[in-house]
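Q: Sequence:
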Amino acid sequence: MTNSPHAARRGAQTPRVATLPEGVVSSAGSEFIDLAATAGLILDPFQCYILNQGLGERADGRWASFKNSIWVPRQNGKGGAIQALELGWLFLTREELIMHSAHEYKTAEEGYRRIRELVENTPDLDRHVHKYWQANGEQGIELRKSAGGGRLKFIARSRGSGRGFSGDKNILDEAQEITPAQIAALMPTMSARPDPQLWFFGTPPESPDAWCYNLREDGESGADPRLMHLDWGTDLDPTDPEHRRRAAQDVDLWYACNPALGGRITEEFVRGESLPSGLGERFMIERLGAWLPRLTEGGGVIDPAVWDALADEESQLVGDVAFALDVTPSRDWASIAAYGLRADGTGHLEVIDRRPGTEWIVDRLVQLADRWDPVAIALDAKGPAGSLLVDLDKAGIGRPEDVERPVRGDLAVPAAPDVAAACGQLVDAITQRTVRHTAQPEVAEAIRGAKTRPLGDAWAWGRRISTVDISPLVAVTLARWAWETRTHLVEDADYDVLDSVL
1 MTNSPHAARR GAQTPRVATL PEGVVSSAGS EFIDLAATAG LILDPFQCYI LNQGLGERAD
61 GRWASFKNSI WVPRQNGKGG AIQALELGWL FLTREELIMH SAHEYKTAEE GYRRIRELVE
121 NTPDLDRHVH KYWQANGEQG IELRKSAGGG RLKFIARSRG SGRGFSGDKN ILDEAQEITP
181 AQIAALMPTM SARPDPQLWF FGTPPESPDA WCYNLREDGE SGADPRLMHL DWGTDLDPTD
241 PEHRRRAAQD VDLWYACNPA LGGRITEEFV RGESLPSGLG ERFMIERLGA WLPRLTEGGG
301 VIDPAVWDAL ADEESQLVGD VAFALDVTPS RDWASIAAYG LRADGTGHLE VIDRRPGTEW
361 IVDRLVQLAD RWDPVAIALD AKGPAGSLLV DLDKAGIGRP EDVERPVRGD LAVPAAPDVA
421 AACGQLVDAI TQRTVRHTAQ PEVAEAIRGA KTRPLGDAWA WGRRISTVDI SPLVAVTLAR
481 WAWETRTHLV EDADYDVLDS VL
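In my numbering, the protein residues as written are 1 to 502.
To be clear, the hints were calculated from the coordinates, so they are not data collected in a lab.
Predicted model only: the values in this text are computed from it and were never measured.
Certain hints may be false.
To be verified - Heads up, simulated DSSO-like pairs for lysine-lysine below, C-alpha to C-alpha not over 27 angstroms straight-line:
#1 131 to 145
#2 106 to 153
#3 131 to 106
#4 394 to 382
#5 153 to 131
To be verified - Per label pair, the in silico range of CB-to-CB distance:
#6 214 to 271: 30 to 36 angstroms
#7 271 to 332: 46 to 52 angstroms
#8 206 to 355: 29 to 35 angstroms
#9 456 to 23: 35 to 41 angstroms
#10 403 to 251: 57 to 63 angstroms
Heads up, the beta-carbon is just placed ideally off N, CA and C, and yes, glycines get one too.
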């Protein structure tokens, strides 16, 4: 039998991007690697590479890196590197407090279970343990005073704002989920600790404006001399159909992005993931570590200057009107918007009411419907406003009895593809300058602070990740969509509904 030429092939043990800290004269990596081996944890070359680079030491004896940013697709073995770090910090450098945080409790709990098994099964280490503990959503290991009394704590970040995650050494697993608020709470606490380190381990985020893009930007630019940034992922664009097609067929690329391929991960399994019935369009992100194109303020889709240029404080709509409402995730604000055409045929967008809370919305919409006989009233049922469906129905504002023959005042409830389409259509109208608005500051603020979230191959406004109240923007988006999709289905009005919506 002839051996396969690919039988011994292994994934790349060094990353595509490797930005290393300055001033390294030695490394404690080999000591950490040797200790892990005594506990039965034999590291792969790529895991050793992570430790050797991230544990580099300067001539003054301090760690060369403060932040260490490691990005590798799932199931490649980043956990082994994390465990080796934690063993070394506990038993070699004897750190006072080591914090291991993950986005979800189950991930933090799994990290605790694995390190505890290693220590318990190594008598030379276990004898130094004062106690293992697990209670109230936290767990950890505490050493005897004779061994330094160090503590290793595991915690879920999703249960707090970021306070309480600070240690002398910090593992931040699932780093793609870290929020700006958590970083803002964590960073100031580092200044009072002797020679601290932050270790970020993650896979590219689902949100194209997640905080971790800042790490990537600093890592790829080399702007921070105390940052180690390692990224095994591809630089192809997962939103580009041609790139997706290429990635699904490029076996060499698979090996370049997955250091465990040919070992823990088999080529056969990855081939299955590359198929439409496998990971499909998620293959590049999940298996090849591809980053979505970063979106900047305003989602990168509406130019504030273009929006400002479309202002016309004298703008008025005439004829048919559609209304839409939206509510913030915290339910502290809500907005109602209108859309219709002006006398010259240009679209007119306007927020007609915005107030704190939600208790006012139903009565206000009933009032508007009675007065203006709108072609539709829209809301996103899967968003925060969905909770108002029952109250609206009781007030006489419900879904159409016949979806093909809706009547005036019926609800227009978009499905997910409709939400994405509505966002794209609004952006197109603004770009093509076919709409006008009355220069309302709440809408301008929403446009400048809005973030987007992926929705299939498209995107939608991201309420939870935006930095401001974007309910005015969501409302005008849905009002325009409702007008465009319903006006031709309802009976024509024989009178002008609005001279101005104010």
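Q: Now tell me if each hint is right for this structure.
A: Evaluated hints:
1. 131 to 145: holds, 11 angstroms
2. 106 to 153: Roughly 14 angstroms between the alpha carbons, so the hint for residue 106 and residue 153 holds.
3. 131 to 106: Within the cut-off at roughly 21 angstroms; holds.
4. 394 to 382: holds, 19 angstroms
5. 153 to 131: The given pair, whose Cα atoms are some 12 angstroms apart, holds under the 27 angstroms limit.
6. 214 to 271: 30 to 36 angstroms: Cβ of residue 214 to Cβ of residue 271: about 35 angstroms, so the range 30 to 36 angstroms holds.
7. 271 to 332: 46 to 52 angstroms: With Cβ atoms ~49 angstroms apart, the hint holds.
8. 206 to 355: 29 to 35 angstroms: holds, 33 angstroms
9. 456 to 23: 35 to 41 angstroms: The hinted range 35 to 41 angstroms is violated for residue 456 and residue 23, with Cβ atoms some 47 angstroms apart.
10. 403 to 251: 57 to 63 angstroms: Because 48 angstroms falls outside the window, the suggested range is violated.
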